[in-house]
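Model the full assembly from the supplied sequences, consistent with the hints where possible.
Chain by chain, the residues:
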Amino acid sequence: MSIAITSPQLKENAAEALKDAQLQEALAKVGPGFIGKRAAAAAAMPEFDALRDSARDIKNHTLAHLDLYLERFEEKVREAGGHVHYAVDAADARAIITDICKRLSAKTVTKGKSMISEEIGLNDHLEAQGIIPVETDLGEYLIQIRHETPSHIIAPAIHLNKRQVEADFRRVHTDLPADRDLTEPTSLLAEARGELRQKFLVADVGITGANFLIAETGTSVLVTNEGNGDLTQTLPKAHIVLASLEKLVPTLEDATQLLRVLARSATGQDMSVYTTFSTGPRRPQDGDGPGEYHVVLLDNGRSAMLEGELREMLRCIRCGACMNHCPVYHAIGGHAYGWVYPGPMGSVLTPSLIGVEKGANLPNASTFCGRCEEVCPVRIPLPKLMRHWREKEFERHLTPAPQRYGLKVWSFFATRGWLYRPATRLAMAALSLLGRSKGRFSSLPLAGGWTKYRDFPAPEGDTFQAQWRARKASSRSNAA
Amino acid sequence: MTSFTGPASSAHARPPRVGLFCTCLVDTLRPSVGFAAAKLLEEAGCEVDVPRQTCCGQPAFNSGDRATARALAEQTIAAFESFDYVVAPSGSCAGMMKTHYAELFAGEPDGMIRAEHFCAKVYELVSFLVDVMGMTSVTARYEGVATYHDSCSGLRELKVKDQPRTLLASVEGLTLNEMADADTCCGFGGTFCVKYPDISNAIVGKKADNVVASGADTLLAGDLGCLMNMAGKLQREGHQIAVRHVAEVLAGMGDGPAIGVAKKD
Ligand code: SF4
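Chains as they are written, first to last, in the working numbering: chain A, 1 to 480; chain B, 1001 to 1265.
Hint data in this document are derived by calculation from the structure and do not stem from the laboratory.
Please note that the accuracy of each hint is not assured.
[To be verified] If you only want the chain B side, here are some residues facing chain A, beta carbon under 8 angstroms, derived:
(1) L1029
(2) R1066
(3) F1192
(4) A1231
[Said to hold, decoys possible] With a Cα cut of at most 27 angstroms, we get these calculated DSS-like pairs of lysine-lysine:
(5) B:K1206 - A:K29
(6) A:K452 - B:K1195
(7) A:K358 - B:K1161
(8) A:K452 - B:K1206
(9) B:K1206 - A:K438
(10) B:K1206 - A:K37
(11) A:K438 - B:K1161
(12) A:K11 - A:K452
(13) A:K37 - B:K1039
(14) B:K1195 - A:K11
(15) A:K392 - B:K1195
(16) A:K358 - A:K408
(17) B:K1121 - A:K472
(18) B:K1206 - A:K11
(19) B:K1039 - A:K472
(20) B:K1195 - A:K384
(21) B:K1263 - A:K438
(22) B:K1121 - A:K162
(23) B:K1159 - A:K37
(24) B:K1159 - B:K1121
(25) A:K384 - B:K1121
(26) A:K19 - B:K1264
(27) B:K1159 - A:K384
From the three backbone atoms N, C-alpha and C, an ideal C-beta is built for every residue, glycine too.
Shown next, in the form of structure tokens:
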């Protein structure tokens, strides 16, 4: 489904998420589930950090010559009998895809997991045109039948638990016996398989994303753990690859280097279960494969990001490690971020794609703990890029007034030491007197954000600088 | 006896002159951390002074106000330029000064060179004692079971991890019980904790649970901001865990009132 933007209400979204016991139960598993596995995979590979450097360099090189590689890619896709379509924005991409579907009189479209599809709101659009989209990744299928959006870029239904899935299956799969046993995850999986198998066979068009696009060969690369991507792209009349510009890499060798850091960073696997390379439509000698092969290359603001500081964000290979390690994501989950991309990568990307006016809350809602940057396989300095957005927000006077005012008063004093030091001495003397009996405050004027949940310590007394100088003076006079 | 290894301590013909950047939080709220830091530095053989100072500029920098951050960086650099080293009892402020000052002078070659010169001299207190001064143990006593929280900037920007544990191991009477997720953020994040109090509270809530589960009676860390956040949460929840800056314990000054605890009259 297409996504209404609620990023400006991040605080409200977060408050809701924090109250949602079921969600909190699901989120409690994110850290333990991913962090240890990635750490073990990284530790098992002595050259892992060197590979990350090389992954960063491959992406940097590609971005520096993106125009050349795009041309090369297009040429190679054409040679293999496929088509490349450039989409400037979401509407453009939707129109290109619907045109292909209509030309083929498509009634149903199977889909592999694609965040770009979410970004352009493809499913709603297809439905409006009378074409039925069927998500075939289990997580995507679950959120589709719940009319929800993904809450994680590689685990879209991570916010759900088994009980909810069972209830949804009973609600939607009404042709199956009501007394069937769905208590085991395997039975849920088997039921989803059965449902989807039919859909694969009747689909007219298959749409997938791509993890990489290889310029050297005109190949799209897709990794999945379920194999649904393969059925989506080989069975129907046409395979449409929907991908954004920055998925390009120069060579097969580059793609395999990036694959080595991708799954390890994402799930701690050495490789995902399925890694599929697709080049062009079925050839006469092939036993199967789609009759048509299209690549829709989405820009949607990315070429603008190429110039300037945000370019580094275009290295992202969508592994999800940054959100898996993010304390804020662990606390509020993906939906609270209010658009397609959550977590640290979303906090950088979202303002570039929907505008800083709507997206500014995201880069602000970070503690800058730096753990995302520490694990990012392509070494994107995520805190630095979030700070970039805070600067843009500040420059454009979009910072909320109380915060802006507070900052102004503070900087007035902090940049005037001669005023700052006596002022802090006075303030601390007063506060320490007030808090003397308890040693702390459970409420303080102007500090409600703090004292709503925490006590605030009373200052010890005079400032350190004043005490230091007094001691120095007295030791000097003693010496004299 | 406080002891040292390696050439670090003997390499200086005269005692290194250290400018103590006390940090605005220590300056205003908990001066005893500043005195503990000065004591440790002096024990390590440094000559310590505290030039007039305000703030390193991080709140402005992280709020997107580069102009103020640059002004404060300039002010700090000028105040500390004459010292051999600039040491702060905070990974966060030291990280700001060491890893971010230079970028504030982008496009100003002279300012940039001056900043880079300054950055090279900046250290977080405990890592300075161990890595630069070669300290391997301290002379201090503290009766208790402590757990240590790795504050984010110190850990990730300055690689402060083993140094405090090395020195804590030499404190008589102290046992260190590691908590789960010691290297996960406490939810302070500077202005983050007041801009997004609900999220911050959820994060510090988990941290408090881990502290309590460690069985420690004392929580230590190297950053007063994080310490106040965790102390405030533990106290609000009614826990009796003493929260202190690691420097207080290392300097043998862990007998005063803990953070947020009243002085005994
Ligand atoms: S920003 Fe880095 S860690 Fe996050 S999804 Fe992208 S590649 Fe992975």
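A quick look at each hint next to the structure:
The beta carbon of B:L1029 is positioned within 8 angstroms of a beta carbon in chain A (closest approach about 5 angstroms), and the interface hint is therefore held. Among the interface hints, the one on B:R1066 holds; its C-beta lies about 6 angstroms from the nearest C-beta in chain A, closer than the 8 angstroms criterion. For B:F1192, the interface hint holds, the least distance from its beta-carbon to any beta-carbon of chain A being 5 angstroms, beneath 8 angstroms. Residue-level restraint check for B:A1231 holds (minimum Cβ-Cβ distance to chain A is 7 angstroms; threshold 8 angstroms).
For the given pair, B:K1206 sits about 13 angstroms from A:K29 by alpha-carbon distance, which is consistent with the 27 angstroms threshold. Annotation: proposed proximity of A:K452 to B:K1195 holds, straight-line Cα distance about 12 angstroms (limit 27 angstroms). Taken as a hint, the A:K358 and B:K1161 pair is broken in the structure, with Cα atoms around 39 angstroms apart against an allowance of 27 angstroms. This hinted pair checks out: A:K452 and B:K1206 have alpha carbons roughly 17 angstroms apart, not beyond 27 angstroms.
This hinted pair checks out: B:K1206 and A:K438 have alpha carbons roughly 26 angstroms apart, not beyond 27 angstroms. At most 27 angstroms may separate the alpha-carbon atoms for a hinted pair to count; B:K1206 and A:K37 meet this at roughly 21 angstroms. Restraint check for A:K438 and B:K1161: not satisfied, since their Cα atoms lie roughly 34 angstroms apart, outside the 27 angstroms limit. Proximity of A:K11 to A:K452 is assessed by CA-CA distance (about 15 angstroms); at most 27 angstroms being required, the pair is judged to hold.
At roughly 43 angstroms between alpha-carbon atoms, A:K37 and B:K1039 are farther apart than 27 angstroms, so this suggested pair is violated. Between B:K1195 and A:K11 the alpha-carbon distance is near 9 angstroms, which keeps this suggested pair within the 27 angstroms criterion. Between A:K392 and B:K1195 the CA atoms are separated by roughly 18 angstroms; this keeps the pair inside 27 angstroms, and the hint holds. Using a Cα cut-off of 27 angstroms, the hinted pair A:K358 and A:K408 holds, with the two alpha carbons roughly 24 angstroms apart.
Restraint check for B:K1121 and A:K472: satisfied, since their Cα atoms lie roughly 24 angstroms apart, inside the 27 angstroms limit. The straight-line distance between the Cα atoms of B:K1206 and A:K11 is roughly 19 angstroms, inside the 27 angstroms bound, and the hint therefore holds. Restraint check for B:K1039 and A:K472: the C-alpha separation of about 14 angstroms stays at or below 27 angstroms, so the hint holds. Using a Cα cut-off of 27 angstroms, the hinted pair B:K1195 and A:K384 holds, with the two alpha carbons roughly 19 angstroms apart.
Restraint check for B:K1263 and A:K438: the C-alpha separation of about 9 angstroms stays at or below 27 angstroms, so the hint holds. Distance hint between B:K1121 and A:K162 is unfulfilled; the C-alpha atoms sit about 55 angstroms from each other, more than 27 angstroms. Restraint check: the Cα-Cα separation between B:K1159 and A:K37 comes to about 23 angstroms, which is no more than 27 angstroms; the hinted pair holds. Distance hint between B:K1159 and B:K1121 is fulfilled; the C-alpha atoms sit about 16 angstroms from each other, no more than 27 angstroms.
Taking the CA atoms of A:K384 and B:K1121, the gap is near 23 angstroms; set against the 27 angstroms cutoff, the hint holds. Our distance criterion of 27 angstroms between C-alpha atoms is broken by A:K19 and B:K1264, whose separation comes to about 40 angstroms. Between B:K1159 and A:K384 the alpha-carbon distance is near 18 angstroms, which keeps this suggested pair within the 27 angstroms criterion.
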